[in-house]
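Go ahead and model the full structure; you've got the sequences and the hints to work with.
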Amino acid sequence: GNSVTQMEGPVTLSEEAFLTINCTYTATGYPSLFWYVQYPGEGLQLLLKATKADDKGSNKGFEATYRKETTSFHLEKGSVQVSDSAVYFCALTPYGGATNKLIFGTGTLLAVQP
Amino acid sequence: GAVVSQHPSRVICKSGTSVKIECRSLDFQATTMFWYRQFPKQSLMLMATSNEGSKATYEQGVEKDKFLINHASLTLSTLTVTSAHPEDSSFYICSARDRKLAERVFKNIQYFGAGTRLSVL
Numbered sequence: 001g002n003s004v005t006q007m008e009g010p011v012t013l014s015e016e017a018f019l020t021i022n023c024t025y026t027a028t029g030y031p032s033l034f035w036y037v038q039y040p041g042e043g044l045q046l047l048l049k050a051t052k053a054d055d056k057g058s059n060k061g062f063e064a065t066y067r068k069e070t071t072s073f074h075l076e077k078g079s080v081q082v083s084d085s086a087v088y089f090c091a092l093t094p095y096g097g098a099t100n101k102l103i104f105g106t107g108t109l110l111a112v113q114p
Numbered sequence: 001g002a003v004v005s006q007h008p009s010r011v012i013c014k015s016g017t018s019v020k021i022e023c024r025s026l027d028f029q030a031t032t033m034f035w036y037r038q039f040p041k042q043s044l045m046l047m048a049t050s051n052e053g054s055k056a057t058y059e060q061g062v063e064k065d066k067f068l069i070n071h072a073s074l075t076l077s078t079l080t081v082t083s084a085h086p087e088d089s090s091f092y093i094c095s096a097r098d099r100k101l102a103e104r105v106f107k108n109i110q111y112f113g114a115g116t117r118l119s120v121l
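Chains as they are written, first to last, in the working numbering: chain A, 1 to 114; chain B, 1 to 121.
Each hint should be verified, as a subset may be incorrect.
[Stated by the list, open to error] Short derived list, chain B residues pointing at chain A, Cβ under 10 Å:
(1) 3
(2) 11
(3) 36
(4) 42
(5) 59
(6) 62
(7) 112
(8) 113
Worth flagging that the hints you see were computed from the coordinates, not collected in a lab.
Glycine included, each C-beta is placed from N, C-alpha and C at the ideal position.
In structure tokens form, the structure reads like this:
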């Protein structure tokens, strides 16, 4: 079946530190991959996405590369800020395009300290 | 950007009562809305897909008589947890797909509400 595994949190970093949140997936074919972010008290927001192997999604300084060979989509940021504190969800949509389903990981809480 | 409003944000109720949760798309029309449930330290699990003007499609293992979904307009879907029991306590999240985006661009972008924390005593 299709599933997403992401590292457990919380991840606590100091401001300007380098961030990596690991995400691996299990799926047939070529799923589309996403990172969503949820700030306190708000809904999930799409942070970035990639739809085929070797694509790099990027937004707000965050990046993730679709690695088919390692079935991974790790989220990275070179220098985190306090305002990046949130819960980050890795997700996939199964291959096929017609499906609406988003399959999520468990979410990783990031806490950035000044 | 697109905004989805979910109400209430938190509800506490007695066992046996019914609870209604609303999900509204504020600045776009949503032919399709989704309802998710999240247990502590677990993934968001899709419960059902709600299509405007038709019956919802439930995921395997989700009781349709327990979780009633109505999508009567292009901007509103409701989830009613009927005869709630403590095991129904959870975090419920809705999302909506922008009809115009779905027609033209990448189909699977969903806009999420902030969620509803349900506690059944």
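Taking the hints in turn, this is what the structure says about them:
Using the Cβ-Cβ criterion of 10 Å, the hint placing residue 3 of chain B at the interface with chain A is satisfied: the shortest such distance is roughly 8 Å. Checking residue 11 of chain B against chain A by beta carbon gives a least distance of about 16 Å; that is not within 10 Å, so the hint is violated. Interface restraint check: residue 36 of chain B against chain A, minimum CB-CB distance 8 Å, threshold 10 Å, status holds. Because the beta carbon of residue 42 of chain B sits about 6 Å from the nearest beta carbon in chain A, less than 10 Å, this interface hint is met.
Interface restraint check: residue 59 of chain B against chain A, minimum CB-CB distance 9 Å, threshold 10 Å, status holds. This hint is violated: residue 62 of chain B has a C-beta 13 Å from the nearest C-beta of chain A, more than the 10 Å allowed. At a threshold of 10 Å, the smallest CB-CB gap from residue 112 of chain B to chain A is about 4 Å, leaving the interface hint in force. A distance limit of 10 Å between C-beta atoms decides the matter here; for residue 113 of chain B the minimum to chain A is near 5 Å, and the interface restraint holds.
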